[in-house]
Amino acid sequence: MNRTLDEVKCDLKRLLAENLSLEDVKPQDISDDMNLFGDGGLGLDSLDGVEIVVLLQRQYGLDVKDMQKSRDIFRCINTLAPYLLANAVK
Amino acid sequence: MKSCATVAVGCNMSGETINDAPGTDSSVKEPYRAADWSEPGTGKGWQYRFFWRLIRTFGKRPAYHISYIVTFWYVLLFPSVRKRCRYYLDHRFPDRQGKARRFLDSYHLIREFGKTLVDIAAFGILGKSSMVNVCSDVQRIRELCGREKGVILLNAHCGCWQVSLAALENLRKPVSLLMVPDPRSQALADPCAAKVIDPRTGLTGVIAVTQALLRGEVVAIMGDRTFGDVQNVIAASFLGKKVFLPLSPYRLASATGVPIVVLLAPRTGLKTYELRLARVIEVPPGLGRSDKEYVTYAQQFIACLEEFVQEYAWQFFNFYDLWHDGASADNHRKPDAGSRTRSAAPASGERRLETARE
Numbered sequence: 001m002n003r004t005l006d007e008v009k010c011d012l013k014r015l016l017a018e019n020l021s022l023e024d025v026k027p028q029d030i031s032d033d034m035n036l037f038g039d040g041g042l043g044l045d046s047l048d049g050v051e052i053v054v055l056l057q058r059q060y061g062l063d064v065k066d067m068q069k070s071r072d073i074f075r076c077i078n079t080l081a082p083y084l085l086a087n088a089v090k
Numbered sequence: 001m002k003s004c005a006t007v008a009v010g011c012n013m014s015g016e017t018i019n020d021a022p023g024t025d026s027s028v029k030e031p032y033r034a035a036d037w038s039e040p041g042t043g044k045g046w047q048y049r050f051f052w053r054l055i056r057t058f059g060k061r062p063a064y065h066i067s068y069i070v071t072f073w074y075v076l077l078f079p080s081v082r083k084r085c086r087y088y089l090d091h092r093f094p095d096r097q098g099k100a101r102r103f104l105d106s107y108h109l110i111r112e113f114g115k116t117l118v119d120i121a122a123f124g125i126l127g128k129s130s131m132v133n134v135c136s137d138v139q140r141i142r143e144l145c146g147r148e149k150g151v152i153l154l155n156a157h158c159g160c161w162q163v164s165l166a167a168l169e170n171l172r173k174p175v176s177l178l179m180v181p182d183p184r185s186q187a188l189a190d191p192c193a194a195k196v197i198d199p200r201t202g203l204t205g206v207i208a209v210t211q212a213l214l215r216g217e218v219v220a221i222m223g224d225r226t227f228g229d230v231q232n233v234i235a236a237s238f239l240g241k242k243v244f245l246p247l248s249p250y251r252l253a254s255a256t257g258v259p260i261v262v263l264l265a266p267r268t269g270l271k272t273y274e275l276r277l278a279r280v281i282e283v284p285p286g287l288g289r290s291d292k293e294y295v296t297y298a299q300q301f302i303a304c305l306e307e308f309v310q311e312y313a314w315q316f317f318n319f320y321d322l323w324h325d326g327a328s329a330d331n332h333r334k335p336d337a338g339s340r341t342r343s344a345a346p347a348s349g350e351r352r353l354e355t356a357r358e
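In order, the protein sequences belong to chains A and B. Under the working numbering, the residues of the first sequence are numbered 1 to 90, in order. Under the working numbering, the residues of the second sequence are numbered 1 to 358, in order.
Simulated from the structure, these hints should not be mistaken for laboratory data. For each residue, glycine too, the CB sits at the ideal point set by N, CA and C. Incorrect hints may have been included.
[Said to hold, decoys possible] Residues from chain B that face chain A, not an exhaustive set, calculated with beta carbons under 10 Å: (1) Q97; (2) G98; (3) V134; (4) V138; (5) Q139; (6) T204; (7) V209; (8) R215; (9) N232; (10) L247; (11) S248; (12) R251; (13) S254; (14) A255; (15) G257; (16) P259.
With these hints in hand, go ahead and build the complete structure from the sequences.
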């Protein structure tokens, strides 16, 4: 993947804002350390993870192999972007 | 138990369980106690060991006879067991009011449940020869599961899906079961050694299931229990009243583009189960996050259950108040229900189904 970490973060924010039907949420409203799931932050629930996993798989070919760490990986943009940068195949 | 592996569905069965401590994920809501939706698990460890030895030594038939006595004992002495039966029976047989009739109905239901537990145990202990699977739809099921993309097998707690799924052991695809691990069936002999993903693990389980489907694997989901989740549920009308079902099968199908194959497994004889392809539900892709979009498809699943309980009234094994859970879920759900666009599940407007009669 020939992108910088900052570019990946921007891509992720755009993907989430555009594809998860988050009304009134623009990419710039999502901060790097904002919790994606649970109360507060972006407020996604666990089932929203379905769309995110499908998006990341189709866009980047990402396959999360370590299930025990998945909760930490998907915690916020700051945790997801480095993992994506390291593991994306597209 | 070695025999468990031999009846595993598909291949690559590791028996692995994804089972983090429930409740550590903030997105998992569990307002009900687990016992609220569990089976009437009054059995003790030594009783399971007794039945295990009985089946191992003498086979199934004596175990059935002992189970008739044991279940009668429980129904007679434990009002809580009778109460758990009434949730379903009062909706299935609303006109039966006499005390004796209601007692016998409860006994009938628990006795059938006991027979199913014996069958599960015998299948794990004695192997495939203890039961015969009749599956007229097996070629169609294998064809659906053999495609490149994944498949969601949607089951319910009726009949004995554990035993009947073994009819699909030649799928040559990994199979994951999204279900709460049952220590009781493990204490006997669980015939399904597929990878178990605990739905209470929230995001971890969701990611595991989604990736499995994207890899073209088979995921079996119990479509009739919400496991205490009040956020990701969907309303449907079952036996004339509203219940809430898990939303996950339908959202998974839409997001990943896989079909939902409804499989039900009635017990049809002393040694026979039938694996029945009740329906293939095709959920259009890209329906998004609003649960309203999925009501039609949940109702299709419920239609399968209603047909099942019409034909096999004593093989529906949900011993908790599905209908009360519906009302309770309404009370617990926030207006935005964890989503900024998600609307509350419709309180009415679903296809009204005629109340079932015997």
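Taking the hints in turn, this is what the structure says about them:
no., hint, in the structure
1, Q97, "violated (41 Å)"
2, G98, "violated (44 Å)"
3, V134, "violated (35 Å)"
4, V138, "violated (29 Å)"
5, Q139, "violated (30 Å)"
6, T204, "holds (5 Å)"
7, V209, "holds (8 Å)"
8, R215, "holds (8 Å)"
9, N232, "holds (5 Å)"
10, L247, "holds (7 Å)"
11, S248, "holds (6 Å)"
12, R251, "holds (6 Å)"
13, S254, "holds (9 Å)"
14, A255, "holds (5 Å)"
15, G257, "holds (9 Å)"
16, P259, "violated (16 Å)"
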